[in-house]
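Going down the list, the sequences are from chains A and P. So in the numbering used here, spot 251 of the first sequence is number 251, and the numbers just go up one at a time. Each number in the numbering used here comes from the position in the second sequence (counting from 1) with 293 added on.
Hints are computed from structural coordinates only; laboratory data are not their basis. Note that the Cβ used here is the ideal one computed from N, Cα and C, for glycine as well. Any given hint might turn out to be false.
Some chain A residues flagged as far from chain P (calculated, every beta-carbon gap over 10 Å) [said to hold, decoys possible]:
id, residue
1, Leu37
2, Glu82
3, Pro91
4, Asp114
5, Gln217
6, Gln248
7, Asp286
Distance ranges between label pairs, derived from CB positions [to be verified]:
id, chain 1, residue 1, chain 2, residue 2, range
8, A, Lys105, P, Phe690, 29 to 39 Å
9, P, Arg687, A, His179, 31 to 41 Å
10, P, Gln707, A, Gly107, 16 to 26 Å
11, P, Pro445, A, Met1, 34 to 44 Å
12, P, Arg942, A, Pro172, 45 to 55 Å
13, P, Asp566, A, Arg35, 32 to 42 Å
14, A, Gln12, P, Phe690, 51 to 61 Å
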Amino acid sequence: MRLRVTHVTRYQYTDPVSLCHSLARLKPRDTERQRTLTAQVRVDPWPAVAREHIDFFGNRVNYFSIQQSHSSLEVTAQSEVEIRAPTWPDPVITPPWEEVVRALKHGRDTRLIDARLFTLASNQVPLSSEANSFAAPSFRPGRPILEAALDLMGRLHRDFEYDPAFTTITTPLDEVLAHRRGVCQDFAHVALAALRGRGLAARYVSGYLETRPPPGQAKLRGADASHAWFAVLIPGLGWVDLDPTNDQAAQEQYVTVAIGRDYQDVAPLRGVFYGGATHELTVAVDVDRVGSG
Amino acid sequence: MPPQTAALSGGPTRLVDDYRPVAGVYDEMRTADGEVRPHWQYLIEVLRALGPDGIEERWRDARRLIRDNGVTYNAYGDTEGMSRPWELDLLPLQIRSDEWATLERGLIQRAELLNLILSDLYGPRKLITAGLLPATLIDAYPGYLIPCHGVPATDDQPLVDYAVDLTRTPDGAWRVIGDRTQCPSGAGYALENRVVLSRVMPSLFRDSHVHRLAGFYRSVRRALTRLAARRTPPTRIVMMTPGPSHEAYFEHAYLANYLGYNLVQGADLSVRDGALWLRTLGRLERIDAVLRRVDDLWCDPLELREDSHLGVPGLTQAARAGNVTLANALGSGVLEHPGLMAFLPRLCQHLLGEDLLLPDIPTWWCGEQADMARVLDELETLVIKPAGNPPGRRCLFPGRMDPAERAALVARIQAEPDRFVAQEHIVPSTAPALIGRRIEPRPTVLRTFLVAEEQGYTVMPGGLSRVAFEQDTPMISSRLGGIGKDTWVLASEPERQESLLGTGDLLAPAVAQESEVSSRVADNLFWIGRYAERAEGLVRLLRITIFKLSERQGYAATDDLTSCVPSLLQALTHQSQAYPGFVGDGFEERLRDPMPEMLSLIADPERLGGLPQTLQALGQAAWSVRERLSVDTWRVINDIEEHLRALTRRPPRDFGPALDELDPLVTALVAFSALTHENMTHNEGWNFLEAGRRLERGLNTATLLRGTLSRIGREHEEHLLIEAVLGITDSLITYRRRYQAGTRVGALLDLVFQDETNPRSLAYQLVQLERVCRQMPRGEMAAGRSSIERLILRSLTGVRLVEIDRLIQPDRTGTKRVALRRMLGQLSDQLAAVSDALTAQYFRHEEQPHALLGRVGRGPQ
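Only chain P is shown next, with the shape it has when bound in the complex (with noise of 0.2 Å):
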């Protein structure tokens, strides 16, 4: 064991004493005299008294945690795709509340310096006309954005929400080494670090006084609510997106889900009359206010990038217009430039008349003639930072460069002077992280958030701490990377215990405020309702034919007993429309071995239709209206996903292990049906999940009955089958205590067929999606039925017409129920038409934006 490193599993006492900081680093635990600082104490107790296992169990809880809530960060290049969860330190950052207010101090100013220089680059840009900042280092910052010169920002400030990255340098002063200002990122993952922490750590918590967080975000909600362009309530305010496949959109969805708004895309969103617009079912909701995480660039393909797909065209009209609040203003990105930090004490001291409490690393911009000379002299020691297009915020690091690379630096930075910025090298400051058993000294750095209020800027009582992986690292870049810590600031005084609920908070709205469902959320909602019952009834089909075919196995093919086998598979074809299968070309063969084509469908995350891609599209829109579920219901997505990854990773060789996965599936699956009843409020968009699990169940139900009773077998075979179909419907209970003598295809349709009661027949799905479809919003002219009702109750009039008796009547060849063949294929055909409807009428996405053709200007013809 490496002698710097703290054992837990070495006893108690050298928990701490083999934590030794690194030389010439400020340490957050430890003073180089290797004194534990009086604000770790309480902590390192804990700590000890918890063990090794103690600590390891809790680690293991907060995992656990993280993985039930589906937290996940992307960064870029990561191998695992979406679904890496993120990574949580078990040990918090500990800062003392004095020393945390002067810290605070120094932010506010800052924000309001920025806020100051944001507002004149807009605008009258006096800092450049005064010489306080050089023309070239602003205009030829790619984040500068000329379109968005002018657009005023609502009460003149711009900038709204802020994040600042900090760390130590070796004698404990903080420096700030970058700013994030277009759509600043964290502030969801630094609460989700706390509740988790606080729910591993209850005692530790309580008891060390720690500044809460939620006042934070209410006043994250009373700056918006106060900017939203009408101030006459109710105000609506949006949380824009770029969509489920952004790096940070666990973030996104959880901090909507907190802040009590909507969460949309670009997509869902429009500008008309010169104003912002949410498209919701069938209106179109006036926008206030738009907290946004879509980068400046992105947001409006009309005046700003052409191709962008994320952003609203004339979104930055509307904003020119007044019509809209965005917060940040487009062009805030310009204050992320690493070169501004050169100027900031000059213009700290001509804004404000103050000196700038908290300061930069120190920083030279290229574009001067002197700093580069001096930058090009001491190369090897500094940072570079290059500033060009794209806005890079990658760092170089001259001094591990070889000769060769270094020389074609320098020859890059003589070119393009202005795009290089050069920071002094710190080494951040240590805070001690738990690695593996051991506690470990690791380069930290904090990200804390401020946002504009009337009477100023409030900062987070905390923020987001990140520690790298690997003690060597050179900086901790600002991508939001490495593991995570939560980050406490210890009052002196207990604290009351808050949240955002229940705050009788008059500025702010209830958050219980139900936000408008938009259409693309009611289009995810409705194929969540169709794939989780698609999925449902694909593994009960499956699961009642692998048990047929089991009971089969030590008779002979041809027994009696088992002819109803074909019949399941077949019906397992057309449910599961993975065809030819056992339907289409060379079925004999597959019917005579159904094993190999059954196990594809249980396993092969390639095959279309099967259950692997069925759940893996249920995910998918899950994960696109990721803020609209709870908690609880995303415990279970998780659990069906691993399901999934189980199935794929180790497709079963045989039905048994086969069985052994879709047991607890259907369980799992059957609690995601019932906690979407149950825990999701029964409105709009909850009608749409409705809609689509009635529909795809209906769906189900028919092509399962017409599947397995068209054709009229032997007595034997009809009695299995029939048995078969109650097990798949399960409605087996129900028909034993019903018709208790023997089985009747009759009986069976009245039953899961024409019964309103039974919540597994067709009648009673008609019943339901003509409920829930009536509670829909409807254009205003519409009068009497929609036509969507009007499909559905020709259905239902339908089936409960229908006399069940007429309906089995054979042909007369008497081998066929032609009459019941033909209705079931019709109503199949009636509610994929009501889905067609759905579709079109509601989820219907405006197309997608084109530019215009170019070259207006083209010369002499």
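Isolated chain A, as found in the complex (with noise of 0.2 Å):
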């Protein structure tokens, strides 16, 4: 399935600013399911500088810099994808968890060497034990690891409350976990914390989520804006996406921009300015199918 997608971030300042850096990791990156097609970043007012590398988790950043006294700043990713919907087998037969945790932790193999980073703690998914006892009923002795994810990631959905008003991107984990309620991202986080408390390896995603309800069925929630979820590392099937927000695994209609340990590693936009006393932010997204569909 082909899909475009177009994310309009705008700033309005109360005050002019004079000179603002920038990273936005707003390109979608390859992996094993998506292939990007085409991808632009386009910056108004015209940025003196702008350049692209590529981070160690194989994101895509734009840098970029604007050094004309300005008060608004507007950055519109354009891109297209095309993505593969995944063939998932049966979670039953699937390892059991520990052995998974066996293999990252001794395995000679490069692609468990390099999974062993996300088995770790970082800045915004600290060990918690209120999330390993939140893990705990789904991660049963012996339990098949995708089954034990996809019950995760369902207790996750049942239990979480969805409020945007209740957290911020500084909420402490704890804190979501301690009042059940939060944000895609947040619900990644719990995932993350659980997985990674039992020696699973676990990464953040960042990316959008195609809205197109077919007739009949409820809206996905998701709609219209970037989109947050977690993957988990099977050995043998690769990265397995799964989306706590709307409990289910990620389809054809889950574009993929960016990878990290957590939302700071992927934040799509960051940046650091010079006056503009206070800003306010307003953000765009739409997601269309390209071609039949």
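Got two chains here, each in a separate frame; can you build the complex from them with the hints?
Below is the structure:
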């Protein structure tokens, strides 16, 4: 399936900004199931410096700096990607989760070594006994890993309330766990803490979700905004993307933009500016199907 | 007296005989058999010859030098704050040349090894994929900065500047106990220790054939020049400091000065066009390399710590684009991971094909299961170093814990084994240290320094040794604490005298090259000028007022002779702006009994506008531009601060003792003025200092004249006031010579208002102010006079054109000089406007950078 994404971010400042440096992770990366056909990031006003590099995780990062005085900033990312639907095996035949933990710890395979990073606590996903006990019912001894991960996702979906008013990007994980509410970022972080607490490799995924409700069905949440979910590594199978906000494994309508240890690694746009006093942010995202469909 | 100490007072022979090394510990001076090692013999002889009193005298000399040079170090949690003087032991650590050569080889190998590891970790990470380094060892360490991955290092040399902490095991073998790689401090203190010691013990130093240090600092300059991003001269290199409140700020300023680099803070720098620039007055200067003293994480709020105000947004990008060289490269703190030591022998074989020459203390990383089991088994005998978040450098000693604490530690290790490292508990070797009047063995750690030159690493022939205060110290921390010690590597041949100056080194630009003045520096210099002058003016006014008040004693309070006092007191309030004082609410009461208010102005540190606050502000501004003030100037600043301390610690209760403090203070302030005038190059920076001084003096004079001459008093009173004003403005002698017939207001104004040759007159201040402002940098578009110059010229023209006789005409009531008062008021306003204009044009620092709002990804709306 082909999807076209348009993501417009606009900052309006109360005072003029004299200088601004920004990093954007808005161009979708390639994955095993995703090919990026076109991608561009336009910045208005015109940046004096614009450069792209690939970060540690393989994400595409656009750095730009605006050196003329400006009172608004608009960043428009447009891309077209082709995504293949995943084919997951029957969860029952995936290996017991403890076996995966052992493989991650002792395996000599490069992929496993590379994945070890994702078994570690990170700034926004610290080790959490609260997350560990939340995970416990899903991780009965010997349970196949995919079954356990799907179960965890389902419980997250059921037990946590979606509440954009409750959290900000700096709300600590334990607070999310204590109140059982948050947004997609928070749910992904909780899942990461739960999986990493077991010694499993799990990574944060930022991206988009196409919203095109099939007739008669409810509109999927996650529409018209950037979205986030998590992926767990199953040796031999690869990274399996799971979306606890909508309680489903990622299908064709999930566009992956960037991956990292947590939100901090993949924030779509971060920046530092001089002047400006206060500012307001508006975001508009459109995900459209291209061609048939 | 404890038997193991050698008493200086016990006669020459006992000096050494009473010195008993601790059993089972290597001692630098004596062998286990009690023999004095040969290379210590000469030092011992010299000490014997000096005798206890001689030694103490030298020690006092050293203390004085340290104080005069303002050498400070502020260890965290130190209650004395920033001004705790650096402690220096009189006895250097002495090391034989041949032994040093062996150590040197090991250090160079280690630096090369660490440099290769660093390059790999921020590049291909082959060491991890090949299984030579566990991924979790590195990736779980907060010092490994993933955003810095892929930033290329100039010449593959991310580790430019490197320090190692060393001690000896009982068999005398050197062991590394710590690596300092992100911004290693201590090289400045090492130099300062050397300067002090070689001055206090010149002949001992000369005859001991000590290896000189200057060559090492030349290497540092060469290395940075070579690595500077743009090779076409002139390359610009700066030293970046977190600022005056940093514990080692003294060293930053000292080293920057010695190396001839501009000392800058993050706010002085800016990233534009993908490169790094220094904001100087009215323009930007491209920077090619940064010797940084700001820790990795704080260097760039765009990619590293968002809340850092010490760094420069975009710095990582500038380095990524190859437009600036950072020494060391961002992220080099990963090498400080204590667990890395466990892997070095293997890595050395792999990367260099050699055995590790200089072994570490046996180290285990708990992330390896077998190692953890062993660590937990032998926990009591080990030192535990957490390598977690935040990167802690604190060591834990399980052997000293109670069982509950130990159990808690075991649980923590088991929960996060990746974050714990264990090391064998080694007792550092001891060296003789002067403790009181005795020489005693004290645990000693040597920090030495390396720098990357084209042909390889160069080691400083010496270093900074530190001894613990107490004999029973488990381990000297890697922080700079304890007592400093110079380190002498003894050459067999005497060495040529050298210094950084005049080496004729082609690679290095002349040290005397003037570094640009940043806006921040100009701002501080301007205020140094203002505060110094303000303090001097205040003290002068206070003194004269006290004299006049003292004359009153014995006369009736209403006596004509003393009626100038209220005017002086009111001038005091206006000048210090310490309202209400003798002007506002309740002034009558204070005029009747002025002493408490005056003493408060003199000694109350809480009093806004009072003398202590003015002096404190002067000290702070001076400290912020430490590197731009000469040693002599700094000594005067120290004197001034000592007077300040004396005033505030023992506030005078009467005028007599107050005068005793004020008199030397005036002398010190005058000395400060003279030094800044005579000993500073009259360059861009000096122009600002001078502008501040002239502006303040002009304001003071205008305020003084306005306060004293606006009201027309009786003849006696006028006479006394004129005399007082002449005293305050130091113009009495000229006045007497010029106007022999009596005292007149007109003559006074002629001299202290309109005379452009009198350095105390208002007109003189304006002339000087105009002159220095004309030399300040201006925008490219500017033609003719700048707005600042026009402001000054308006004042100056007014002063030149006015007819004194008309100016002092009484008003209709015959009690006031309205025209004079108005004009002085206008002049004060105009001078204040000049100050504002200077601030707006030159000192306006760019606003604080902010982070953009986050949460762009927020899920459904």
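Now the hints, each set against the structure:
Annotated as non-interface, Leu37(A) keeps its C-beta farther than 10 Å from every C-beta of chain P; the closest such distance is 23 Å. Here Glu82(A) stays apart from chain P, with its beta-carbon at least about 23 Å from theirs, past the 10 Å limit. Distance check on Pro91(A): its Cβ is at least 26 Å (rounded) from any Cβ of chain P, clearing the 10 Å threshold; non-interface status holds. Not every CB of chain P lies more than 10 Å from the CB of Asp114(A), the least distance being 8 Å, so the non-interface label is violated.
Look at Gln217(A): its CB is around 16 Å from the nearest CB on chain P, clear of 10 Å, so calling it non-interface holds up. Once the 10 Å rule is applied to beta carbons, Gln248(A) is consistent with being away from chain P; the minimum gap is 15 Å. Here Asp286(A) stays apart from chain P, with its beta-carbon at least about 13 Å from theirs, past the 10 Å limit. Between Lys105(A) and Phe690(P) the CB atoms are about 30 Å apart, so this pair conforms to the stated range of 29 to 39 Å.
Between Arg687(P) and His179(A) the CB atoms are about 34 Å apart, so this pair conforms to the stated range of 31 to 41 Å. Range check, Gln707(P) to Gly107(A): about 22 Å between beta-carbon atoms, so the 16 to 26 Å window is met. At about 39 Å, the beta-carbon gap between Pro445(P) and Met1(A) stays in the expected band of 34 to 44 Å. For Arg942(P) paired with Pro172(A), a C-beta distance near 46 Å keeps the hint of 45 to 55 Å intact.
Evaluation of the 32 to 42 Å hint for Asp566(P) and Arg35(A) yields a pass: the beta carbon distance comes to about 35 Å. Separation of Gln12(A) from Phe690(P) is about 57 Å and conforms to the stated range, judged on CB atoms against 51 to 61 Å.
The structure fails hint 4 only (numbered hints given earlier).
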